[in-house]
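Could you build all of it, start to finish, from the sequences and the hints given here?
Number of protein chains: 4
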Amino acid sequence: MLNARRPKYADDDKLHEECAIVGVWNAVGAAKLAALGLHALQHRGQEASGIVSHDRSEGRFYSRKGRGHVERVFGSPERIEGLKGGGAIGHNRYATTGEDMTSNIQPMFAEFAFGGFAVAHNGNLTNALKIRHRLVAEGSIFQSSSDTEVIIHLIARSVRSTLAERVVDALTQMDGAYSLVALSPKKLIGVRDPMGVRPLALGRIVGQAVGGGDAYVLASESCAFDLLGAEFVRELNPGEMVVIDDNGITSLNPFPPAVPKPCIFEHIYFARPDSVIGGRSVYETRKLIGKELAEESHPANGADVVVPVPDSGVPAAIGYATEANVPFELGIIRSHYVGRTFIQPTQSIRDLGVRMKHSANGGVLKGKRVVLVDDSIVRGTTSAKIVDLVRRAGAAEVHMRISSPPTTNPCFYGIDTPDRSELLAARYSLDEMAKQIKADSLAFVSLDGLYRAMGEPTGRKTEQPQYCDACFTGEYPSRLVDQDEGLIGASSGLPIEQAAE
Amino acid sequence: MLNARRPKYADDDKLHEECAIVGVWNAVGAAKLAALGLHALQHRGQEASGIVSHDRSEGRFYSRKGRGHVERVFGSPERIEGLKGGGAIGHNRYATTGEDMTSNIQPMFAEFAFGGFAVAHNGNLTNALKIRHRLVAEGSIFQSSSDTEVIIHLIARSVRSTLAERVVDALTQMDGAYSLVALSPKKLIGVRDPMGVRPLALGRIVGQAVGGGDAYVLASESCAFDLLGAEFVRELNPGEMVVIDDNGITSLNPFPPAVPKPCIFEHIYFARPDSVIGGRSVYETRKLIGKELAEESHPANGADVVVPVPDSGVPAAIGYATEANVPFELGIIRSHYVGRTFIQPTQSIRDLGVRMKHSANGGVLKGKRVVLVDDSIVRGTTSAKIVDLVRRAGAAEVHMRISSPPTTNPCFYGIDTPDRSELLAARYSLDEMAKQIKADSLAFVSLDGLYRAMGEPTGRKTEQPQYCDACFTGEYPSRLVDQDEGLIGASSGLPIEQAAE
Amino acid sequence: MLNARRPKYADDDKLHEECAIVGVWNAVGAAKLAALGLHALQHRGQEASGIVSHDRSEGRFYSRKGRGHVERVFGSPERIEGLKGGGAIGHNRYATTGEDMTSNIQPMFAEFAFGGFAVAHNGNLTNALKIRHRLVAEGSIFQSSSDTEVIIHLIARSVRSTLAERVVDALTQMDGAYSLVALSPKKLIGVRDPMGVRPLALGRIVGQAVGGGDAYVLASESCAFDLLGAEFVRELNPGEMVVIDDNGITSLNPFPPAVPKPCIFEHIYFARPDSVIGGRSVYETRKLIGKELAEESHPANGADVVVPVPDSGVPAAIGYATEANVPFELGIIRSHYVGRTFIQPTQSIRDLGVRMKHSANGGVLKGKRVVLVDDSIVRGTTSAKIVDLVRRAGAAEVHMRISSPPTTNPCFYGIDTPDRSELLAARYSLDEMAKQIKADSLAFVSLDGLYRAMGEPTGRKTEQPQYCDACFTGEYPSRLVDQDEGLIGASSGLPIEQAAE
Amino acid sequence: MLNARRPKYADDDKLHEECAIVGVWNAVGAAKLAALGLHALQHRGQEASGIVSHDRSEGRFYSRKGRGHVERVFGSPERIEGLKGGGAIGHNRYATTGEDMTSNIQPMFAEFAFGGFAVAHNGNLTNALKIRHRLVAEGSIFQSSSDTEVIIHLIARSVRSTLAERVVDALTQMDGAYSLVALSPKKLIGVRDPMGVRPLALGRIVGQAVGGGDAYVLASESCAFDLLGAEFVRELNPGEMVVIDDNGITSLNPFPPAVPKPCIFEHIYFARPDSVIGGRSVYETRKLIGKELAEESHPANGADVVVPVPDSGVPAAIGYATEANVPFELGIIRSHYVGRTFIQPTQSIRDLGVRMKHSANGGVLKGKRVVLVDDSIVRGTTSAKIVDLVRRAGAAEVHMRISSPPTTNPCFYGIDTPDRSELLAARYSLDEMAKQIKADSLAFVSLDGLYRAMGEPTGRKTEQPQYCDACFTGEYPSRLVDQDEGLIGASSGLPIEQAAE
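Residue numbers (the working numbering), protein chains in the order written: chain A, 1 to 501; chain B, 1 to 501; chain C, 1 to 501; chain D, 1 to 501.
Among the hints, erroneous ones may be present.
Because identical chains cannot be distinguished in the list, a pair is counted as satisfied if it fits within a single copy or across any two copies.
What the hints assert, rightly or not - Derived pair list, reagent style EDC-like, types lysine to aspartate or glutamate, alpha-carbon separation capped at 16 angstroms:
no.: 1; residue 1: Lys435; residue 2: Asp55
no.: 2; residue 1: Lys357; residue 2: Glu71
no.: 3; residue 1: Lys435; residue 2: Glu397
no.: 4; residue 1: Lys84; residue 2: Glu235
no.: 5; residue 1: Lys186; residue 2: Asp431
no.: 6; residue 1: Lys461; residue 2: Glu323
Derived by calculation from the structure, the hints in this document are not laboratory data.
On a predicted model such as this, the values are computed, not experimentally measured, just so you know.
Next up, the structure:
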């Protein structure tokens with residue numbers, strides 16, 4: 001019944017991924033730390049945010065959720081202080097799965113016979129609709145159209161006795177990609193799915209624990225730790241569950257082992273450049289991709305300037321410029337006064353969108369042979385506008401270079417991609433694509449070039465690729481039950497909510 | 001786990017009851033009619049309102065809920081128009097049961113295997129917590145602390161095949177008082193509990209149906225029909241269920257028969273004077289109570305003026321003044337600019353509260369022997385302030401007359417009463433009460449006088465009273481399971497929500 | 001250029017007057033007292049409110065203004081506390097003069113060479129536009145379309161040396177009706193115009209002064225004093241100016257003497273019934289008018305019930321019922337959940353307006369000969385709807401009785417009246433009016449009857465009436481310069497403001 | 001009486017300038033164009049925005065002003081459409097002069113005897129307070145503490161007959177820096193002060209005029225034109241006034257000639273890099289300054305990376321890295337989710353401020369000799385935090401290089417600078433400054449180096465510098481009347497306003 005992945009923004013030209021999660025255990029000011037973590041991870045979702053905290057002395061949970069940026073939802077000190085206690089989990093939402101409903105904002109909460117718990121997760125489950133249908137038939141009541149609520153129902157209905165066991169019980173039934181945090185009065189749980197598609201990292205704040213000692217934090221990306229004053233301990237392994245409580249941290253591997261398939265697109269575009277994922281600096285990887293790109297496809301006749309499409313194209317452009325020995329220049333200026341390209345759920349001034357975000361820096365472009373570096377092309381509409389912007393500013397030639405292979409397939413693991421029919425690279429040959437975006441030339445990094453930049457000197461292992469690269473190859477590493485059974489596409493039966501002001 | 005009936009307003013001096021419901025079937029502009037009905041029933045609950053509508057052509061439900069008056073929640077035309085369709089149910093909330101959470105605002109909604117439905121109810125269930133505990137143990141997830149959600153879970157888990165059968169299945173398990181409306185894509189259902197504690201009336205709007213013909217409405221009180229352009233058809237009988245669909249109205253009596261016990265306090269205070277309840281004009285009844293009061297307890301030395309405590313004391317004061325042949329005067333002026341006495345969930349200017357609502361009309365009071373007529377005394381604090389107000393304006397004597405018997409017991413059927421320990425009449429003798437409120441004399445109408453005013457010439461039938469009058473007698477007409485099993489009083493395990501703006 | 005008196009509400013049926021003022025001198029919590037005073041005077045204007053305070057220790061003024069009720073504008077304790085100091089003046093606005101602009105909200109403020117001052121006034125100046133044109137030509141800049149700003153400019157341009165002298169200088173140039181309060185760092189000034197058209201009263205709060213001693217308050221009506229804990233000292237005389245400062249109260253009579261012409265309509269409708277104006281209880285006067293009305297025009301065939309149009313018709317109906325010896329009954333129930341009839345600046349649900357405010361109490365009306373008592377008829381549209389409401393509820397006969405003479409002329413002294421062409425009584429004979437509103441009979445109290453009720457046993461003195469009764473007689477007690485010179489009617493040249501939220 | 005230049009943000013470390021202006025004449029959708037222009041100039045002021053438009057067919061002005069970003073104030077299509085007409089002027093405010101009052105938001109409006117006009121200006125007047133005192137003494141009433149209101153009063157009081165003549169009359173009396181736009185029903189006027197301190201540019205939108213033909217626009221910087229679809233015509237000359245009306249554009253030079261003194265700091269920091277000012281590309285200039293800096297002061301022992309303090313330090317860092325042949329790296333990542341460094345009027349999370357805006361990109365910094373490039377140092381507090389951030393990320397050495405000379409003097413021409421006593425460079429030697437910010441070395445570009453980068457091969461002309469560089473030299477190019485007469489520093493006598501919601 002749900003429309004899980006309807007593309008939102010007709011003229012956007014990028015992929016984007018849903019959601020960030022954070023968890024804080026036993027820390028003074030846990031909700032404040034969670035809010036800072038969500039701020040640091042704002043790039044992973046800007047539609048809505050929520051925090052649930054638990055205060056042990058009062059034996060109560062506290063909750064605040066709202067639409068908009070973290071700053072808007074939690075922006076006043078009183079709000080944060082009202083979320084009492086030493087345990088907290090938080091979530092930034094980008095609405096891929098489920099519709100735009102307040103009840104979809106995570107974390108979600110449920111009461112148990114033996115207490116309450118809250119859950120937030122990041123990713124996309126590929127059999128959530130099938131399980132939801134079964135649960136509804138058994139009398140479960142859903143308040144939202146979110147995957148997360150499916151997990152919560154499975155936890156609530158589990159006959160196991162501890163929260164950790166129930167979480168395992170629930171997740172064992174789920175296919176797809178997720179990183180998850182769960183908070184009960186007695187523990188914080190973090191889980192990364194067996195394929196490890198989405199990242200999840202563990203940090204420690206020395207001396208910040210309630211009553212002294214160290215507090216622990218979980219976050220989608222390591223870049224969140226610095227703002228919290230936390231040190232980066234390590235990433236969770238694929239399939240690992242950590243249970244953090246008064247006895248410290250317990251690491252479990254409760255799921256059947258699977259071949260790791262971390263999402264390669266986190267490295268290309270989604271993660272913040274100052275994060276470390278899979279042990280690799282995201283910034284460094286992007287520069288290396290730029291280097292590969294320059295080696296593989298520098299214009300035969302040379303170029304005068306290398307210009308990034310800001311901001312996501314900057315590291316690759318630096319790598320490219322260095323390798324090609326061509327000046328790196330800010331030929332496109334990005335406005336500080338709108339959000340990250342295309343991640344906003346409405347686009348009222350459609351034609352002006354690109355120009356409100358990007359303006360041409362004429363002096364750099366006029367009469368020049370320009371290499372434009374961007375991270376990906378999805379529908380191609382934004383790329384065409386950017387090329388037009390640069391050309392109208394006087395560029396003599398515009399060569400578009402993309403720091404990822406052609407995106408030919410939708411993602412079912414949490415990155416919001418349009419239908420295959422809308423993907424430029426699925427519809428056209430390379431030459432046709434160049435024509436569509438009106439570039440003098442167009443090139444993408446090769447799959448092997450990408451893997452080399454990821455530290456795999458021999459490139460992609462064809463029979464068992466080291467990463468999930470389904471968006472470039474169509475090789476999905478798991479079953480796609482909802483997709484295969486045709487469950488995706490109908491709208492939810494839930495009421496269309498008017499927000500209560 | 002829930003604190004079902006915690007008294008809210010420490011210095012209030014009145015009882016109040018929770019909630020109003022309306023239902024509209026197959027009418028052009030159903031949500032607008034529901035909003036007008038809620039406006040007309042605003043006196044039954046002012047904390048929050050909600051409407052769920054269903055549009056058949058789109059096959060979708062629509063929902064809007066918010067805190068505050070109906071005017072605030074639904075006040076702009078666009079909002080109402082966004083609630084599309086020909087079917088709608090609505091609710092005004094006064095928070096007796098459950099805490100102040102957005103998720104407690106009715107109507108509530110659930111998906112079925114075969115579609116969705118919404119439910120709103122008015123009253124109080126006396127075994128809701130016991131059933132809730134059982135459902136939680138079985139894996140049901142509660143999003144609110146409301147009784148209504150218990151009903152919805154029972155409906156969802158029922159194995160019967162139609163909504164009407166499932167509603168009966170659910171309600172058969174519930175004790176206590178309720179009037180309920182339920183909306184599915186195919187029908188509107190209205191139910192009054194077997195004792196008929198809370199009112200529910202049926203109306204018809206000639207020619208208003210979608211596609212022509214008559215539309216039907218349900219409302220807590222008949223006074224709502226006039227504003228909707230509806231004609232009053234009849235009240236539902238205790239234990240009656242009406243199912244309204246494309247085939248018209250079907251009346252069912254699906255519950256085991258019970259002795260009717262309509263709430264006598266609706267007649268004394270809560271209902272609007274222009275309503276007809278139990279076939280009786282509320283206004284006329286209140287005048288008759290005033291007449292009984294004058295016969296039973298006019299001051300021996302006479303009086304100069306009869307002054308109502310506005311507005312609820314006015315009809316009884318008119319009856320009293322006529323019977324006693326003493327001039328009726330507006331000795332207390334009520335401000336239009338604050339809500340109904342004590343029905344507001346905060347009271348920040350505590351000391352000024354009474355004076356912001358009531359002011360003494362000095363010319364009428366100065367040097368006079370004043371009979372003050374009010375409808376009830378709960379804690380006595382407001383009465384004391386009113387007597388003081390009148391006395392400071394120069395009254396020579398102040399005789400307080402109350403148009404109900406002494407309130408000695410809390411209500412478990414939906415009227416928000418403080419604990420017995422806070423009820424003035426449960427703690428003091430009549431003389432002591434007069435001293436507490438500093439009146440020269442104090443009298444309450446007798447139980448038999450009250451019943452005579454209700455059209456029972458021989459008064460109250462002791463062995464089987466004609467009404468529920470437990471607040472005056474302690475004779476509760478049903479089991480009080482949650483109360484007897486000690487389930488009432490703890491707070492919910494749900495998070496304390498911060499409203500999202 | 002200004003459209004001073006455009007009628008706002010096409011289907012309203014009442015007159016209404018603009019504005020209330022309060023002033024507080026040297027009191028602990030001056031702004032809080034001012035806000036309470038404005039709350040008590042809310043009936044005089046509901047469109048907007050403002051308070052300017054002065055804090056002597058900081059040598060600063062503070063200001064808060066906003067649209068809506070006092071409760072909305074000043075509703076939180078922090079807001080009031082932010083208006084520091086011991087001196088404050090406040091204003092409730094009803095928009096007769098000037099357009100609906102934020103900059104029109106009073107009090108208004110100006111800097112002098114020797115300091116700042118704030119002014120608020122109540123009434124209407126009949127040569128304000130002429131003077132405004134002169135000032136603009138001389139280079140004065142107006143930020144609003146309010147009369148008050150004209151006064152402020154005259155004060156600023158005066159060459160006199162003290163604020164009191166400058167105020168006199170300015171007001172001497174003005175025609176029309178006003179009561180005014182002005183606040184400087186060193187004094188509070190109150191002025192009533194030489195004719196004394198609008199009321200202004202002086203009160204004292206014993207022991208409330210900053211540093212001990214008594215604080216003083218000024219208010220449009222005495223009814224405000226009780227809520228402030230103030231005692232009523234006296235009304236200001238027509239043409240009197242009081243200057244309140246550290247030396248106490250000085251009373252001046254700086255204007256040429258004039259024949260007092262207090263507004264008689266304050267007594268009929270506008271003032272709160274518990275106020276004392278001109279030494280007379282407003283409530284008592286209204287009852288006496290009802291008595292005169294019954295004597296003059298009780299239906300020849302008798303009546304079964306006397307029913308007030310609530311709330312303003314209640315006192316006259318009580319007087320009428322007593323005199324006619326017919327039962328007084330609440331045949332029309334007024335909703336608590338909308339503002340005072342027609343005083344709201346928008347009326348979106350035009351057809352529903354009357355029914356949302358008033359509902360028929362059928363039991364009282366059915367089959368009865370009803371005398372309906374109301375205070376005035378302006379356009380007649382509301383009266384027609386009320387008569388219809390009563391008749392549809394089953395009344396056998398409806399006899400409308402009005403506690404004022406026919407309103408045949410617009411007011412130029414601050415009561416918002418439509419053009420003469422819209423006044424029912426200016427267009428029709430008595431019989432025709434009865435037909436228009438579909439009443440079985442219609443009668444107004446006579447002019448002499450009205451004066452008798454005002455304590456003038458011989459009625460109205462024709463050659464020199466004791467009150468301003470121009471709305472009934474067309475005898476305006478002052479020049480109407482702007483009107484006579486055709487300055488009224490064009491819109492202001494100021495921008496049409498969009499409120500900044 | 002006014003506190004013209006009180007520093008607002010105690011721990012900020014940058015200069016900032018007030019305000020942007022735009023004007024649009026005879027264009028379809030003038031207000032929309034003005035709003036887009038303000039969006040493009042958002043970097044010049046983020047505290048508040050306003051637009052006044054004029055619609056010729058209705059003969060009315062329209063106005064909208066509000067606090068916050070352009071997007072917030074004008075964000076919905078209905079708001080913009082409500083600002084009707086073909087003429088519009090707009091303003092972004094950054095609050096240097098005047099306090100934080102709604103009435104200070106520009107444009108400001110006044111009525112004339114012959115119509116209305118609106119004015120917005122950018123800059124700072126150095127004798128505004130003196131003139132204001134004179135005007136107040138003559139009876140002018142000020143509603144704001146803004147310089148603009150002084151200009152408006154002078155225009156209103158002028159005895160000249162046309163708006164253009166009156167504007168000249170008024171501006172001739174003013175000292176200091178300003179660019180100004182004024183709108184009347186018949187014309188749009190643009191003026192640049194005789195020294196040309198602030199920029200102002202003219203553009204044309206082909207075919208956009210109401211009724212066909214070309215529309216004209218004025219904007220603080222040329223970067224605004226692209227977004228409006230306008231072509232850049234030229235910059236106004238110092239002392240030039242353009243009058244745009246139905247007869248086209250008239251250029252006047254009504255003021256006594258003066259030596260041009262454009263602000264050099266626009267080029268260093270304030271203007272957008274894609275603007276052209278004084279015929280020079282701002283981006284290119286900044287790169288050249290970086291080049292000069294590298295030549296003058298590259299660390300003797302070499303460096304491993306050049307890292308800009310984003311975003312304002314980026315162009316200079318590129319120039320530096322190229323000249324020094326050291327890799328340019330993004331060692332500091334700037335969050336997209338907060339506004340431009342320190343330009344926000346509150347700073348509640350004081351300690352976290354820098355870290356919420358900037359995070360260290362560890363991989364780039366660890367073990368490296370880092371050259372940090374920033375544009376200026378004001379108080380030094382932010383610089384110290386940035387150095388600390390980089391060092392804690394593992395940098396072996398941190399060499400700070402600044403692309404402006406030491407800031408030793410406050411600006412009186414519109415850039416918000418703290419008192420001299422708070423300027424790091426006014427208090428300490430170069431070595432002491434390096435210690436304060438804990439850098440291993442610190443260097444500023446030389447004055448001559450700066451001038452060379454500005455295209456002056458022989459550097460600064462000592463006797464008659466080509467630019468206003470008073471912030472670096474203390475050589476103010478005009479009288480500082482208010483400053484010299486001690487008028488600056490007291491707070492305004494106007495009330496402290498509470499915003500009305």
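*What hint numbers does the structure not satisfy?*
Hints 1, 4, 5 and 6 not satisfied by this model.
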